[in-house]
Amino acid sequence: MELTKNITLGVYLPGKSKIHNLDPRTKILAVTLIIILLLLSRSYVAFAFSAIFIGALVIISGIPAGYALRGLKPMLPVLVIMWFFQLFLFKSPGATVYFNWWIFEATAAGLHMGNLIILRVLFLFIVTTFLTLTTSVVNLTDGLESLLKPLRMIGLPSQELVMTLVIALRFVLILAEELEKIMKAQMARGVAFDRGNFIQKTKKIFPVFLPLFIGAFKRAEELIVAMDARSYTGGKGRTKMKTLQMSNADFSAAAIMLIYSGIIITTIIFTPPMI
Amino acid sequence: MSLSVRKIVISGILGAIAILLGVTRLGFIPVPTPAGHATIMHIPVILGGVLEGPVVGLITGAIFGLFSFLQPGAPFFADPLVSIFPRLFIGVISYLVYYLSKRAIDLVSRPISSTSSKESGTLSRSNGSKYKLNMILPCLLAGAFGSATNTVLVLGMATWRGYLPPEVSISIGVLHGLPELILAAILTVVLVQGIQRVRPTEE
Chain A
1 MELTKNITLG VYLPGKSKIH NLDPRTKILA VTLIIILLLL SRSYVAFAFS
51 AIFIGALVII SGIPAGYALR GLKPMLPVLV IMWFFQLFLF KSPGATVYFN
101 WWIFEATAAG LHMGNLIILR VLFLFIVTTF LTLTTSVVNL TDGLESLLKP
151 LRMIGLPSQE LVMTLVIALR FVLILAEELE KIMKAQMARG VAFDRGNFIQ
201 KTKKIFPVFL PLFIGAFKRA EELIVAMDAR SYTGGKGRTK MKTLQMSNAD
251 FSAAAIMLIY SGIIITTIIF TPPMI
Chain B
1 MSLSVRKIVI SGILGAIAIL LGVTRLGFIP VPTPAGHATI MHIPVILGGV
51 LEGPVVGLIT GAIFGLFSFL QPGAPFFADP LVSIFPRLFI GVISYLVYYL
101 SKRAIDLVSR PISSTSSKES GTLSRSNGSK YKLNMILPCL LAGAFGSATN
151 TVLVLGMATW RGYLPPEVSI SIGVLHGLPE LILAAILTVV LVQGIQRVRP
201 TEE
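Protein chains in written order, with the numbering used here: chain A, 1 to 275; chain B, 1 to 203.
Note that these hints are calculated values from the structure, not bench results. Some clues are possibly wrong.
Partial list, derived from the structure: chain B residues whose beta carbon lies under 8 Å from chain A [unchecked claim]:
#1 Leu3
#2 Val9
#3 Ile10
#4 Ile19
#5 Val23
#6 Arg25
#7 Leu187
#8 Gly194
#9 Pro200
For lysine-lysine, the following DSS-like pairs were computed, each having C-alpha atoms within a straight-line distance of at most 25 Å [as the list claims (entries may be wrong)]:
#10 A:Lys218 with B:Lys7
#11 B:Lys7 with A:Lys240
#12 A:Lys184 with A:Lys204
#13 A:Lys149 with B:Lys7
The calculated label-pair distances, taken between Cβ atoms and stated as ranges, are [stated by the list, open to error]:
#14 B:Met135 with A:Tyr67: 43 to 49 Å
#15 A:Gly196 with B:Gly194: 21 to 27 Å
#16 B:Arg103 with A:Lys242: 46 to 52 Å
#17 A:Pro64 with B:Arg199: 41 to 47 Å
#18 B:Arg161 with A:Leu258: 26 to 32 Å
#19 B:Pro54 with A:Gly62: 41 to 47 Å
#20 B:Ile170 with A:Pro77: 23 to 29 Å
#21 A:Ile199 with B:Pro54: 32 to 38 Å
#22 B:Val174 with A:Ala254: 46 to 52 Å
#23 B:Arg103 with A:Ile60: 55 to 61 Å
#24 A:Ile269 with B:Pro166: 30 to 36 Å
#25 B:Ile170 with A:Val80: 21 to 27 Å
#26 B:Pro80 with A:Asn6: 23 to 29 Å
#27 B:Arg161 with A:Phe193: 32 to 38 Å
Beta carbons are placed, not taken as given, at the ideal position from N, Cα and C, and that holds for glycine.
Build out the structure end to end from the sequences listed, making use of the hints.
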């Protein structure tokens, strides 16, 4: 019953590595680029290059690999089920059939589709967790705000939207602690969350959800008062105590990202896709 | 266009709950079907639409979508067209259904209540059956339609993008969509009633 242990999203591990010290804008842009490249990759070679690159990043950042992967634990069973799901149900005409039983048919196309999708999920997970592990919330906010500023010109309240996203990330852990307390309190009253058929299990959501949502809304009201009391305004005329400054390290990082994108784009073009 | 502090904070916190339900797997309820679970992760989005209007519904939906794209619970969510795009509509549709059904009930019940509640005046609002119907039915409908929006659009996009064969989508839609719809409808009613009590003022 340790909910907070497996939550790595929105957690920041302070450090002094080269990656920690990069400008947040560099990191956000780099992660966005990596994600786009991952979505474009369809070959094993491209994923192999990405694996080496991302592995190197994790090593340089000094974050324990086990910690970076911990958040995956609750997802594993779903991933395995989905892999089998793709293997047996994804069909394309003319693909090699491995075996055939009733309506199930395992084909080469299904296998590759399963692999492709699982690889994408794993890499997306690791890359985004990596970003929040190496970047503090304040830096992440400043970076995103500065990057999204141009959206103001087309009338989007970009700073306010970033603030919303940051509140969401910040509150995941706080609400997780609250959730843990609620569940323990209900268990102390005799609710057995892991027992019963699915209707009984479903009924047990109510004594958890109601206090969770009401508690969250109470917190929200307090936060609204606190922000109003400090006259928060998101957008125009807001200045920063610390302004972001690009350094030489950021330019080298940009150069490395360019080389990496070059390699991945070349492999995407020249190596055979999985399916 | 600018957002009020209230909209920023409520969207953020509801987004946090959606993410929390995802990372703890609490938003997945085991049901006896092949894929193994129904989701209630979209409940915060429906609540955002019902309680705070379309803008909060839209932003909460975007956070929920962004999260399910970045930390996918099912592989086809690694495609933003499947994970983010459909989620933008959940809160907006919930709001529309809530607002319209509330208006419709008000219009229909006005002639009856105007004759019966003449003496009791404003008191009829708190103890008559009209009050209950007016509170419960819109939430029930908003929850159901919000959930249906999620099911139909996500599976529709997944099929259109070629991740799922149409017959699989339809069976998931029926096996998962229906329990999700019922659960979402009931939870919306219960949660809205509960949350209304801690909110400062109701206009």
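Status of the hints after comparison with the structure:
Proximity of Leu3 (chain B) to chain A holds as hinted, the smallest CB-CB distance being about 4 Å (cut-off 8 Å). Given the 8 Å rule on beta carbons, the hint for Val9 (chain B) holds: about 5 Å separates it from the nearest Cβ of chain A. For the restraint placing Ile10 (chain B) at the interface with chain A, the shortest Cβ-Cβ distance is roughly 5 Å, inside the 8 Å limit, so the hint holds. Hint status for Ile19 (chain B) relative to chain A: holds, with the closest Cβ pair at about 5 Å, below 8 Å.
At about 5 Å, the closest approach between the beta carbon of Val23 (chain B) and any beta carbon in chain A falls short of 8 Å, and the interface hint on this residue holds. The interface hint given for Arg25 (chain B) is met, as the beta carbon of that residue sits about 5 Å from the closest beta carbon of chain A, less than 8 Å. Nearest Cβ of chain A to the Cβ of Leu187 (chain B): about 6 Å, under the 8 Å cut. The hint holds. The restraint placing Gly194 (chain B) at the interface with chain A holds, with a minimum CB-CB distance near 5 Å, inside the 8 Å limit.
The criterion of a C-beta within 8 Å of any C-beta in chain A is met by Pro200 (chain B), whose closest approach is roughly 6 Å, and the hint holds. This hinted pair checks out: Lys218 (chain A) and Lys7 (chain B) have alpha carbons roughly 15 Å apart, not beyond 25 Å. Distance restraint check for Lys7 (chain B) and Lys240 (chain A): the Cα-Cα separation of roughly 23 Å lies within the 25 Å cut-off, and the hinted pair is therefore satisfied. Proposed proximity of Lys184 (chain A) and Lys204 (chain A) is supported: the alpha carbons are some 13 Å apart, at most 25 Å.
Taking the CA atoms of Lys149 (chain A) and Lys7 (chain B), the gap is about 20 Å. The hint holds against a cut of 25 Å. At roughly 47 Å, the beta-carbon separation of Met135 (chain B) and Tyr67 (chain A) lies within the given 43 to 49 Å, and the hint holds. Between Gly196 (chain A) and Gly194 (chain B), the C-beta spacing of about 23 Å keeps the proposed range 21 to 27 Å intact. Distance hint check for Arg103 (chain B) and Lys242 (chain A): the Cβ-Cβ separation is about 50 Å, which falls inside the suggested range of 46 to 52 Å.
Checking the proposed 41 to 47 Å range against Pro64 (chain A) and Arg199 (chain B) shows it holds: the Cβ atoms sit about 43 Å from each other. At roughly 30 Å, the beta-carbon separation of Arg161 (chain B) and Leu258 (chain A) lies within the given 26 to 32 Å, and the hint holds. The beta-carbon spacing between Pro54 (chain B) and Gly62 (chain A), approximately 45 Å, falls within the hinted interval of 41 to 47 Å. Hint check: Ile170 (chain B) to Pro77 (chain A), Cβ distance near 25 Å, so the stated range 23 to 29 Å holds.
Roughly 34 Å separates the CB atoms of Ile199 (chain A) and Pro54 (chain B), a value that falls within the hinted 32 to 38 Å. Separated by about 50 Å at the C-beta atoms, Val174 (chain B) and Ala254 (chain A) satisfy the suggested range of 46 to 52 Å. Distance hint check for Arg103 (chain B) and Ile60 (chain A): the Cβ-Cβ separation is about 59 Å, which falls inside the suggested range of 55 to 61 Å. With their beta carbons about 32 Å apart, Ile269 (chain A) and Pro166 (chain B) fall inside the hinted range of 30 to 36 Å.
Evaluation of the 21 to 27 Å hint for Ile170 (chain B) and Val80 (chain A) yields a pass: the beta carbon distance comes to about 24 Å. Separated by about 25 Å at the C-beta atoms, Pro80 (chain B) and Asn6 (chain A) satisfy the suggested range of 23 to 29 Å. Range check, Arg161 (chain B) to Phe193 (chain A): about 36 Å between beta-carbon atoms, so the 32 to 38 Å window is met.
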